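Colleague: Residue numbers (this note's numbering), protein chains in the order written: chain P, 1 to 222; chain D, 1 to 231; chain F, 1 to 264.
Don't read these hints as lab results, they were simulated from the structure.
Don't take every hint at face value.
Claimed, not checked - Computed spacing ranges between beta-carbons, pair by pair:
hint	chain 1	residue 1	chain 2	residue 2	range
1	F	A14	D	H84	57 to 67 angstroms
2	F	I66	D	D169	31 to 41 angstroms
3	F	L221	D	A110	26 to 36 angstroms
Said to hold, decoys possible - So these bits of chain D aren't anywhere near chain P, every CB distance computed over 10 angstroms:
hint	residue
4	L53
5	E60
6	A85
7	L88
8	D91
9	T93
10	D96
11	R129
12	A180
13	G197
In this text the structure is predicted, and so the values were computed from the model without any measurement.
Backbone N, C-alpha and C fix where the C-beta goes; we use that ideal spot for every residue, glycine too.
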Amino acid sequence: MWRDAGLVAAKDLRVELRSRVATNQVVPFAVLVLILFAFALDPDRGILGRAAAGLFWVTVLFSAVLAIQRSFAIEADDDARDSLRLSGLDGAGIFLGKAAAVALELLMLEAVLAVGVVVLYDVSLHDAALLVLVCLLATVGIAASGIVYGVVAAGLRVSDTLLPLLVLPVLAPVLLAATRASEAALATVPGDAWPWVRLLAVFATIYTVFGVVAFGPLLEEA
Amino acid sequence: MGLIVRFRSAVSLLGRFPALAGVDLDVGAGEVVLLHGPNGAGKTTLLRACAGLVAIGAGEAQVLGHDLRRDRRGVRRRVGLLGHASGLYDDLTVEDNLRFAARAAGHPAAAADSAMTRLGLDGRLRQVRVGRLSAGQRRRTAIASVVARRPELWLLDEPHAGLDAAGRDLLDALVAEAVADGATVVLASHERERADGLATRRLLVAGGRVVDGLLRGDQADGPAKQAEHVA
Amino acid sequence: MTTASRATRILGVATLASLALTAWLALVVSPADVNQGDAVRLLYLHAPTAWLAMYLSFGVTTLASILYLWPRTRSRLWDLVAGASAEVGVLFIGLTLAVGSIWGRTTWGVWWTWDARLTSTAVLFVLYLGYLAVRRVPADPLVRSRRAAIVALAAFIDVPIVHLAVEWWRTLHQPATIFDERRLLDPRIHGTMLWTLLLSVVAFTLLYAWLLIHRVRLARLEELVDDRELADALAERRAEGAAATSVPDEVPGLVPERSGAGVD
C-alpha cells in the first residue's frame with residue numbers, strides 16, 4: 001500500500017510539475033480572493049485584521065476544491081481512470097498518494113497565502129509553531145475528505161458542481177477549528193487553541209481512515 | 001493447463017443496457033482468439049470484462065483463475081488491455097508514463113526501458129510529453145505500456161488502428177513473441193486479412209453474445225500446437 | 001396501482017388521530033409559558049421534528065446504507081429505504097429550521113441566530129441535501145446507489161464532529177429539556193406540557209413511518225418499471241444477435257447499428 005501511495009503521489013506531483021496548473025492558476029486565484037475580500041470589507045475599518053484568519057481559511061477551502069478537481073481531471077485525460085484501475089494499484093494506496101499530493105500542493109499554497117495575509121491584511125504572527133501545526137492538521141483533513149468526495153464526484157457530468165456541495169459542508173468544522181486556532185496563533189483573538197487542534201487531529205484521522213477503506217470500492221464503478 | 005478465460009451465460013449491464021447478453025466463451029492457454037462482428041455487438045465490453053473492468057451481473061466469468069463476480073481487482077495486474085483510449089497522462093513524458101505503468105504492475109523500471117526500445121521510442125522521443133506526440137506515436141506508447149507490464153493475457157481492441165504499415169508489422173511480431181513466451185491473446189478487429197494471419201480461432205460477436213465460443217474437450221489442450229503456425 | 005395497503009391505512013388513521021389530539025392539547029389545553037407566552041406552543045411542532053430529523057431519519061439512512069453495502073445483507077430495499085428516509089429527514093429538517101426561525105422571531109426578535117443547535121442543524125441540512133444530490137446524479141443506477149451509501153456514511157461520521165465543533169463555538173440555545181441525560185429523570189417541563197410534548201413526538205414518529213412506507217413503495221414501483229424495460233432491452237439485444245448471425249457480417253447495412261452507452 002505504501003509503495004503504491006508513493007508511486008501515485010510522485011506521479012501526481014510530476015504531472016503538476018510539468019503542467020504547472022497549481023502554480024499558474026490556483027495560487028493566483030487564491031491571492032485574487034484575498035484581494036477581493038479587501039474590496040468587500042473595506043481595509044480602513046479594521047475588519048480585515050480581525051477577520052484575517054477566517055478569510056485565510058475560506059480562501060484555502062475554495063482553492064482546495066479546485067485542487068481536488070484537478071487531481072481527478074488528470075485521470076480523465078484519455079480515460080486514465082481505466083488505466084489507473086488496470087494498473088493493479090491498491091485502492092488504499094491510490095487514495096493516500098492522491099491525498100498526499102493534494103496536501104503538499106495545499107501546504108505550499110498556504111505558505112504563499114500566509115505571506116499574503118501578513119502583508120495585505122497587516123497582521124502579526126504571535127505563535128508560528130502553532131500556526132504551522134494547525135496548517136498541517138487542517139490540510140491533512142481537507143485533503144483526505146476532499147479526495148474521498150472527489151472520487152464520488154469524479155467522472156460524472158455534473159462533477160464540478162457536485163463536489164463543492166458535497167465537500168464544503170463536511171469541511172465546516174475544519175474551517176471553524178482552523179480559524180479559531182489560527183486566531184490564537186495570530187493573537188488577533190486570545191484563546192485556548194488546543195481543543196481546536198485536537199478536533200483537527202480527530203477529523204484528519206477519521207477521514208484518512210475512511211478514505212483508506214472506502215476509496216477502492218468507490219473507484220471501482222465507472 | 002486450465003482455461004484462461006471461461007464465461008458462461010455472462011450478462012453485463014452498462015446502466016440499463018445489456019452490453020453482454022449471455023456470453024459463453026472459452027479461451028485456452030496460448031490461443032490467439034479474434035473477435036469480429038458489427039459495431040455495437042459488445043466486443044469492447046467483452047474485452048473490458050476480461051480485464052475485470054466491467055461488472056458481471058449474472059452468469060459465470062473466470063479469467064486466469066479469478067472469479068470476476070467475486071473479485072475483479074485481482075486479475076488486473078495479470079492482464080494488459082489496449083483500448084481505444086490510450087490511458088496515458090498527457091502532461092507526462094513517454095518515459096514517465098511507461099515507468100509508472102511498469103512499476104505499478106510490480107515490474108522494475110527497466111521493463112519500461114526495454115519496452116520503449118522494442119517499440120522504437122528512442123532517444124529524444126522519450127522525453128516528449130505524450131500530449132505532443134502524433135497519433136501513431138501515442139499508439140506505440142500505449143502498446144509499449146502493455147508490453148512493459150508483461151501480462152499473461154493480452155486484450156487488444158482494434159490494435160492495428162492508427163498504425164502505419166511498419167507499426168502493424170511490429171504489432172504482429174509482438175503478438176507472436178508474447179504467445180511464444182506463454183501469453184494468451186484475445187483481440188477484436190475489423191481488419192480481417194491481417195488479423196486472420198495471427199489468429200488461431202475466429203469468433204463472431206453479435207447482440208452481446210459470442211457465437212460458438214466454447215471449446216470442445218480436445219480443443220482445450222490443443223491451442224498451443226495451433227499457435228506454432230502463427231510463429 | 002397504489003402504494004396504500006391495509007397496514008398503511010390503519011397507520012394513517014392513527015397518525016391523523018394522534019396529530020389531531022396533539023394539536024388540540026397544544027393549542028387549547030396546555031398552558032402558555034410564563035415568559036414566552038403562546039409562542040411556546042411552537043415547541044410541540046419544533047422539538048419533535050428536530051428529534052425525528054436528526055436522530056431517527058438520518059439514523060435510519062445510515063443504518064440502511066450500511067446494510068446495503070454489507071455483502072450479506074445487500075438488497076435493493078435498503079438502498080430505497082436509505083433514500084426515502086433521507087428525503088423525509090430533509091423535509092423535517094427544513095420544517096425544523098422554518099419553525100425554529102418563526103419561534104425565534106416571536107421570542108427573541110430575530111429570524112436567525114448563530115447558536116450551536118441552529119448552526120449544526122443548518123450544516124446537517126446541507127450535508128443531506130448533498131446526499132440527495134448524489135442519488136439523483138445521471139449515472140449507472142448501481143454505481144449511484146453505492147456511492148450514495150458511502151456518502152451517507154461519510155455524512156454520518158461528520159455529524160458528531162459538526163455538533164462538537166459548533167457546540168464549543170456557541171452556547172446560546174436552550175439546554176436540552178428532555179433528552180439531556182442528566183435531566184432524564186427530572187424533566188424541566190412539567191405536567192400537561194410534558195405529556196403534550198411526548199404525544200407530539202409519538203404523532204410525528206407515526207407520520208414519519210407513514211411517509212417512509214409510502215415513499216419506499218413508490219420507489220419500488222419505479223424499479224419495477226425499470227426492470228421491465230431491462231427485460232425488454234435484453235430481449236431486443238438477443239434478437240439483434242440472432243439477426244446478425246443469420247447474415248454474414250461482410251454485408252453492412254442489414255444489421256442496424258445500435259449505439260448505446262459507449263459500447264464498442
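Colleague: Confirm or reject each hint.
Modeller: Checked hints:
1. The supplied range of 57 to 67 angstroms is met by A14/F and H84/D, whose beta-carbon atoms lie about 59 angstroms from each other.
2. Between I66/F and D169/D the CB atoms are about 56 angstroms apart, so this pair departs from the stated range of 31 to 41 angstroms.
3. Between L221/F and A110/D the CB atoms are about 60 angstroms apart, so this pair departs from the stated range of 26 to 36 angstroms.
4. A beta-carbon of chain P is positioned within 10 angstroms of the beta-carbon of L53/D; the least distance is around 6 angstroms.
5. With a least beta-carbon separation of about 20 angstroms from chain P, E60/D lies farther than 10 angstroms from that chain, consistent with its non-interface assignment.
6. Taking the minimum C-beta to C-beta distance to chain P, about 4 angstroms, the non-interface status of A85/D is violated against the 10 angstroms cut.
7. With a cut of 10 angstroms on Cβ distances, L88/D falls inside the contact zone with chain P, its closest approach being about 6 angstroms.
8. The Cβ of D91/D does not lie farther than 10 angstroms from every Cβ of chain P; its closest approach is about 4 angstroms, which violates its non-interface assignment.
9. Some Cβ of chain P comes within 10 angstroms of the Cβ of T93/D; the nearest lies about 8 angstroms off, and the non-interface call is violated.
10. The Cβ of D96/D sits about 6 angstroms from the closest Cβ of chain P, inside the 10 angstroms cut-off, so the non-interface label is violated.
11. Some Cβ of chain P comes within 10 angstroms of the Cβ of R129/D; the nearest lies about 7 angstroms off, and the non-interface call is violated.
12. The claim that A180/D is not at the interface with chain P holds, since no C-beta of that chain comes within 10 angstroms of its own (minimum 24 angstroms).
13. Separation of G197/D from chain P is adequate, the least Cβ-Cβ distance of about 28 angstroms exceeding the 10 angstroms criterion.
Taken one by one, the earlier hints fail for this structure at numbers 2, 3, 4, 6, 7, 8, 9, 10 and 11, listed in ascending order.
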